[in-house]
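Make one complex out of these two single chains by using the hints.
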Amino acid sequence: MSAEAERDVILKLEDVSKVYSGTVAVKRANFEVRRGAVNVLVGENGAGKSTLMKIIAGVEQPTAGRILLEGEDVSFASSGDAVNRGIGMVFQELNLFGNLTVAENIFATREITNRFRKIDRKEQERRAAEFLERLQAGIRPDMLVEDLRIGQQQLVEIAKAVSLDARILIMDEPTSALSAAEVEILFKVIADLKARGVAIVYISHRLEELIRIGDYITVLRDGRITGQEEMKNVDTQWIVRQMIGSDAKDFAKADGHLPGEEIFRAEEICLPRTTGGLAVDHVSLSLRAGEILGIYGLMGAGRSELFDCIMGRHGHATGSIFIDGKKVRERDTTRRIRRGLALIPEDRQREGLVSILSVASNLTLASLSRFARLFHIRGAEERQAVAGMVRELAIKVADPAQEVSSLSGGNQQKVVIGKALLTGPKVLLMDEPSRGIDVGAKADVFRTMRKLSRDGLGILFATSDLDEVMALSDRIAVMSNGKLTGMFDRAEATEAAIVAASALGHGPAGPTETNAHD
Amino acid sequence: MTDIPAKAAAPTASSGSLLLTVMKLRTFIALIAVLVFFSIAAPNFLSAANLILMAKHVALNAFLAMGMTFVIITGGIDLSVGSIVGLCGMVAGYLVLNGIDLQIGYTIYFNVVEIALITLAVGILIGAVNGLLITRLNVAPFIATLGVLYVSRGLALLSSDGRTFPNLVGKRELGTTGFGYLGAGKLLGLPVSIWILIVVALGAAYLAKYTPLGRHIFAVGGNERAARISGVRVNMVKMFVYMFSGFCAAIVGLIISSELMASHPATGESFELNAIAAAVLGGTSMSGGRGTIGGTIVGAFVIGILSDGLVMMGVSSFWQMVIKGLVIIVAVVVDQAQRRLQSRVTLMQMAKVG
Numbered sequence: 001m002s003a004e005a006e007r008d009v010i011l012k013l014e015d016v017s018k019v020y021s022g023t024v025a026v027k028r029a030n031f032e033v034r035r036g037a038v039n040v041l042v043g044e045n046g047a048g049k050s051t052l053m054k055i056i057a058g059v060e061q062p063t064a065g066r067i068l069l070e071g072e073d074v075s076f077a078s079s080g081d082a083v084n085r086g087i088g089m090v091f092q093e094l095n096l097f098g099n100l101t102v103a104e105n106i107f108a109t110r111e112i113t114n115r116f117r118k119i120d121r122k123e124q125e126r127r128a129a130e131f132l133e134r135l136q137a138g139i140r141p142d143m144l145v146e147d148l149r150i151g152q153q154q155l156v157e158i159a160k161a162v163s164l165d166a167r168i169l170i171m172d173e174p175t176s177a178l179s180a181a182e183v184e185i186l187f188k189v190i191a192d193l194k195a196r197g198v199a200i201v202y203i204s205h206r207l208e209e210l211i212r213i214g215d216y217i218t219v220l221r222d223g224r225i226t227g228q229e230e231m232k233n234v235d236t237q238w239i240v241r242q243m244i245g246s247d248a249k250d251f252a253k254a255d256g257h258l259p260g261e262e263i264f265r266a267e268e269i270c271l272p273r274t275t276g277g278l279a280v281d282h283v284s285l286s287l288r289a290g291e292i293l294g295i296y297g298l299m300g301a302g303r304s305e306l307f308d309c310i311m312g313r314h315g316h317a318t319g320s321i322f323i324d325g326k327k328v329r330e331r332d333t334t335r336r337i338r339r340g341l342a343l344i345p346e347d348r349q350r351e352g353l354v355s356i357l358s359v360a361s362n363l364t365l366a367s368l369s370r371f372a373r374l375f376h377i378r379g380a381e382e383r384q385a386v387a388g389m390v391r392e393l394a395i396k397v398a399d400p401a402q403e404v405s406s407l408s409g410g411n412q413q414k415v416v417i418g419k420a421l422l423t424g425p426k427v428l429l430m431d432e433p434s435r436g437i438d439v440g441a442k443a444d445v446f447r448t449m450r451k452l453s454r455d456g457l458g459i460l461f462a463t464s465d466l467d468e469v470m471a472l473s474d475r476i477a478v479m480s481n482g483k484l485t486g487m488f489d490r491a492e493a494t495e496a497a498i499v500a501a502s503a504l505g506h507g508p509a510g511p512t513e514t515n516a517h518d
Numbered sequence: 001m002t003d004i005p006a007k008a009a010a011p012t013a014s015s016g017s018l019l020l021t022v023m024k025l026r027t028f029i030a031l032i033a034v035l036v037f038f039s040i041a042a043p044n045f046l047s048a049a050n051l052i053l054m055a056k057h058v059a060l061n062a063f064l065a066m067g068m069t070f071v072i073i074t075g076g077i078d079l080s081v082g083s084i085v086g087l088c089g090m091v092a093g094y095l096v097l098n099g100i101d102l103q104i105g106y107t108i109y110f111n112v113v114e115i116a117l118i119t120l121a122v123g124i125l126i127g128a129v130n131g132l133l134i135t136r137l138n139v140a141p142f143i144a145t146l147g148v149l150y151v152s153r154g155l156a157l158l159s160s161d162g163r164t165f166p167n168l169v170g171k172r173e174l175g176t177t178g179f180g181y182l183g184a185g186k187l188l189g190l191p192v193s194i195w196i197l198i199v200v201a202l203g204a205a206y207l208a209k210y211t212p213l214g215r216h217i218f219a220v221g222g223n224e225r226a227a228r229i230s231g232v233r234v235n236m237v238k239m240f241v242y243m244f245s246g247f248c249a250a251i252v253g254l255i256i257s258s259e260l261m262a263s264h265p266a267t268g269e270s271f272e273l274n275a276i277a278a279a280v281l282g283g284t285s286m287s288g289g290r291g292t293i294g295g296t297i298v299g300a301f302v303i304g305i306l307s308d309g310l311v312m313m314g315v316s317s318f319w320q321m322v323i324k325g326l327v328i329i330v331a332v333v334v335d336q337a338q339r340r341l342q343s344r345v346t347l348m349q350m351a352k353v354g
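Note that the protein sequences, when read in sequence, are chains A and B. Here the first sequence stands for residues 1 to 518, numbered as in full-length UniProt numbering. Here the second sequence stands for residues 1 to 354, numbered as in full-length UniProt numbering.
So that you can see chain B by itself, here it is in the shape it has in the complex (with noise of 0.2 Å):
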């Protein structure tokens, strides 16, 4: 009597959690369809070279992402990663050109390093700047970076009067030249770019998971309060979501100027929002408290390759972007069911076991 409905309850739960899994790897399957899909329906698209040149476009926003996905599991938003990027460059075209004038007749010219890291340096103030407003001042994220975002902006084409900085080749006698490296530049067939980003992403997601600052982000996002009560140091933690989401956005920008030799103070416009997209779809939580990097990165590749191959395909780019919101818009739908059906297996768990 009592087996009858026992093993009728079984199958139900473990299609239930068959159905969890591949929801869970959504975004992994999602990847892995749209690049079927490309390299049947577009020629060319499964090649090296081009997987190559992909690769590079998706870097890009995948280190946005990465900054972006600890802001909002943290509970926050960061909209000014675009106009950081672009005001970084500026500032990295700025020093390969003009140095640094003293005023009194000399000018301090830096090589390529120390200019990549006076450019990252102004990436993590900007981010502390975000940081400050909405840990001291109490300014919502949303303001506080969308003020960032219109001030950085502002400055990156006040820096040349809006015009482009040419050329960044440098002189040799000022040793000021490769800066052309990183954007062209390559280590053991990889493109540098991208080199960089395993590096960053394998820090990130080591951070996420073994350090307490790790965990500290997404207690700050699960519960605030909670978190502080246990003795979390809830500003600083925000301070450093921050901090690292510029840090992200000046490497973006440091790329840009590289790979173009050139640096454009419109540069980054609009990148915050292809930014939270991957990382949405890389299952982040815009209420703050779950998401990973992992999921970023792959939400960036989905992202970037749809966009690529409907290139390819020579798709219009007004189809593009309603293709890309559907992606979007699709992926939270299934983020929200599943949550329903985890919650709902989790219950036949605990009824099972009493």
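The shape of chain A in the complex, shown without the other chains (with noise of 0.2 Å):
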């Protein structure tokens, strides 16, 4: 590495690891910053990228392994040291106050003061109105954040970042809210930013985005870093080999079973927005038992909200579902688990489990009635029932009175999923299932869903990993922005149309407009 090269680092972190209680986040890594360019990192779900970015923040501290800035060795106990030393962070999930006005957002923790301590609210204002001009977001300051849809909260999230002035300023999946015209301004604010000498470190999952943005690229993959090149030098196909590395991941193989007749069908399924719109626009597919049916889309696709319609859950959603061919008229989700859906819920901790029941109570939740005779809870027959789950799901666990937080996320998950399979199901609906678990029991996870799929359930299942979707799927469904974009068989699925059809619709005209020019 040349002279020149070196001199152009802000940022080198040495063999810096991150343990958490019994997982490793981040092993040894080596990452390097540099100054006027973007800095790209990219991985899967799960592989550590954000842990490594909440470290340079000050966030999280390392286990191990020192933090070099400007060749100096510092170490940050709490981000606002990072933000002191200028380095500056866009945090995936938001990180704002909804009762207060975007520009007291902005300044939180910084508000300007006059002499006596009082809050210059007008000169926040006026200053927070230049930042936001900058990302031409059409937001006023001193609008309350809550009333913004999420994308302009994820601009002002943006401009907080912006206005700290940051040498370096991280970004952490900015753009997965944005429409595509926002994400156009988003791109020229940053490259405003890199001609100003800021080193940017960018997260995201759209590789056409990286490619077109980055000047360097780093890759991680289960912790670890597994390739760094110049972003000139590389394409995507380099970029996913070194995602996916050479070991393919344990996914159950196939079986070869055919599946069998129409289980379920969703016609026309409609949610309204909030703000307006439609979060799920007229959708409608139908699944076989016996078969895997994957949804693939981004987030914000409405992927999470399509399963929330077809599990009751909001009233206001249109269209109609039907099981074995007959009407679901049920309206309630007590109800249409009776009819033989069931959901396993993307956010485990809150609506998944009663994190402060037990893993026996968790997993016989949704299925009480089953146990009870009258009004009276048979424990005998319940005993058996979850003792053959624990088993059939290898939950381990030693005594299934134990506090279901007690165990670990895999097998928080096993639970979910077990108290879903006790309802009895015809048609599992699983959002995400492996986010958030370790490897071993995503493998789990995955041979539960193939043996599922041949007992003859039908199963959906919504994801934002390619691979996963690949591999599991008898049919792959693509999702953007709330519609349908794309149905291929596994035969014809290729990487690229799946990318394709995801970011259908994020265009600043009209989909119908996007879809013309397809």
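What the hints contain is simulated information worked out from the structure, not anything from laboratory work. Note that the structure is predicted; figures quoted are calculated from it, not measured. Glycine is no exception: its CB is placed at the ideal position from the N, C-alpha and C atoms. Please note: incorrect hints may appear among the correct ones.
[Said to hold, decoys possible] Per label pair, the in silico range of CB-to-CB distance:
1) A:Arg110 x B:Leu137: 37 to 47 Å
2) B:Arg339 x A:Gly138: 41 to 51 Å
3) A:Arg212 x B:Ala337: 54 to 64 Å
4) A:Glu133 x B:Val334: 54 to 64 Å
5) A:Ile112 x B:Leu155: 47 to 57 Å
6) A:Arg378 x B:Leu137: 34 to 44 Å
7) A:Arg273 x B:Leu132: 27 to 37 Å
8) B:Thr21 x A:Glu229: 53 to 63 Å
9) A:Thr63 x B:Thr21: 34 to 44 Å
10) B:Ile323 x A:Phe375: 33 to 43 Å
11) A:Ala394 x B:Ala337: 34 to 44 Å
So this is what it looks like as structure tokens:
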């Protein structure tokens, strides 16, 4: 490496590791951030990107290794420390105060005050307006953040980070909720920052985006850095190869059983968004017994919302669903579960588990009526069912009476799956079933999905992981912007076609026009 | 080599779980402590007559606290129980004295059993109003039941213009006699109100442990969203707990009126606070999801014995309030300490398992 290139490096991580209780999120990572360049970081879900960035931003402290900022050994005790050293971050999950105005959010913890320590609201709003002007977002600084669309909130988050005047700006999936037009504006802002010598670390799943704006690329896999290259030397193939690696993931093999009759059909499902438009836009699909239908889409594509509609969680959703050819007229979750639908929600902690109850109570929560005679729960039968499910799904738990929160993420996910299976479903809806669980548990979950499909269940599963959807699905549906934009048989599906379909409808013009371009 | 740390770790783990057991039984230990203390400090404390009298006092709070426990487990609160006690007492008194005037020259008088049933129905109805406000109109439980607290108290006062319904003996020719049985009657040597308490408490404990509804109550308090997705009818569960709380309050209203043979519209003021205190003392978590009927009953006994014992010792009522407050605070502090210890012990066990 030439001396010229060395001088360009503003921040360097040397052998940085981060260990959480039980899992190693980052293993001996060496990472360089260059001045006046867009340093791209890619990797699959759970590869350790966000952890690495949180270490740089001072949110997390590394377990081992050192951080060199302009050649000087530094350690950040908090994000405030990092901000003081000129490191700003746009977080993936929005860290905004919905009950405060845009200006108050941008200047949170660094309020502009006058001589009497009173907040100078006018000055804050004037300065905030300047930053917002650059993002051309049409956001007034005195608006409440909770009244903004998610995309606009993301722009506020970006404005906040830009306002820090950072030397290093980390952007963790900044475009996940932005429209194509907003992405263009963001890219202009990034080019502007680059010209002023700001080092940008950019994380995204959208490969085409990375290739367009990136200067340097670093690929992470399972907490290790597997490739570091100048962007002009690489292509999509190279990135995908580094991300996935030679060792293929343990997706249970298809067993070649043929799907049966249609077991489930959704027709014209629509869900209006509170901010206008449709979160789910006239989606129709059909599923056969023993079939696994993968639904691929980016964040905000409407996959979870579609599942919510099918489960009857939104009273104002329209459209109809059919099970075994018979229309489901029940509109509430309880009775839809009885008709044979079951959902494994995306957010285990918030929607999947009652964390203070025991493993056993969680497992049987949705199916208690099965074990009850009149109103008495027959303990022996319940215990038997729990033991059976623990065995079948290989849930690692010493005693099912243990609180479910004491289990690891993978085992918690198995409890959620077990709970759904105990209701005896015909159709299983799985929303990101492999999110946030370790490799071994993932393999178990995939094996379970295969087995269930062999037993004749219809499985709809949503994911934003391209590998997963390619490896597990019999058919692949792609959603974008609330619409179903593609439907492929496994034989004819290609990664390129799926990615293309998942980006449809993000255009500035109406979605119909985008389709016309195609 | 490897044996040494294992041996060193074992005693700390077991001493940790011993401490944990002590903390789990803290309400029981407190109960025994107050019993022992007052039997030494207050003369006549252990006499059978005094114990029965105290049990009757405690029973009133225990009823309310049981209803409150279910409500708190779902993550709510019921401030209206004291007012429901007052209103239900007035309903019972009014029916005994006046019956229902049909406005056509006839008046219907009910017998005591019918009066009791009507009164219970009124309590359940007010609970249902609480539940509807909370589930259908999305009013926060604190506010909804605060509103109902005022409305019920106002209605109780309106029913008699603020006066007491005295002398509820009833008239033999109208069939309204026997109202005093609830408060003064005895069965196998125990007061009727204690028997009712035993029946309701066993029923509630059974409900909590062995029925789907009971399990759902805990699930709703632990994680309402997850419960909803699992098919739990969250609104029905909430309706039930407020109606049960109203039912318990109606029982208390009946018993008090029966004991005094009179209904006073201000009866039950601030009872809700004692009920909350008993539930919390018994280990019910205000953030929902945790609590037991047994713990609540013990909690009610601790509070009741404490105040009666202090009265017998001649401690001023001002000091009694200070002491009661301190006991509640200490209970919650110990509760939090137990949670922390518990999670540490669990982690240690997990580490041992691997």
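Hints versus structure:
1. A:Arg110 x B:Leu137: 37 to 47 Å: 42 Å, holds
2. B:Arg339 x A:Gly138: 41 to 51 Å: 48 Å Cβ-Cβ, so the 41 to 51 Å window holds.
3. A:Arg212 x B:Ala337: 54 to 64 Å: 56 Å, holds
4. A:Glu133 x B:Val334: 54 to 64 Å: 57 Å, holds
5. A:Ile112 x B:Leu155: 47 to 57 Å: 55 Å, holds
6. A:Arg378 x B:Leu137: 34 to 44 Å: Taking Cβ atoms as reference, Arg378 (chain A) and Leu137 (chain B) lie about 38 Å apart, which means the hint holds.
7. A:Arg273 x B:Leu132: 27 to 37 Å: 30 Å, holds
8. B:Thr21 x A:Glu229: 53 to 63 Å: Given range 53 to 63 Å: holds, Cβ gap about 60 Å.
9. A:Thr63 x B:Thr21: 34 to 44 Å: Since the Cβ atoms of Thr63 (chain A) and Thr21 (chain B) sit about 35 Å apart, the hinted range of 34 to 44 Å holds.
10. B:Ile323 x A:Phe375: 33 to 43 Å: 42 Å, holds
11. A:Ala394 x B:Ala337: 34 to 44 Å: The hint (34 to 44 Å, Cβ to Cβ) holds, given that Ala394 (chain A) and Ala337 (chain B) are roughly 36 Å apart.
Hint compliance for this structure: no hint is broken.
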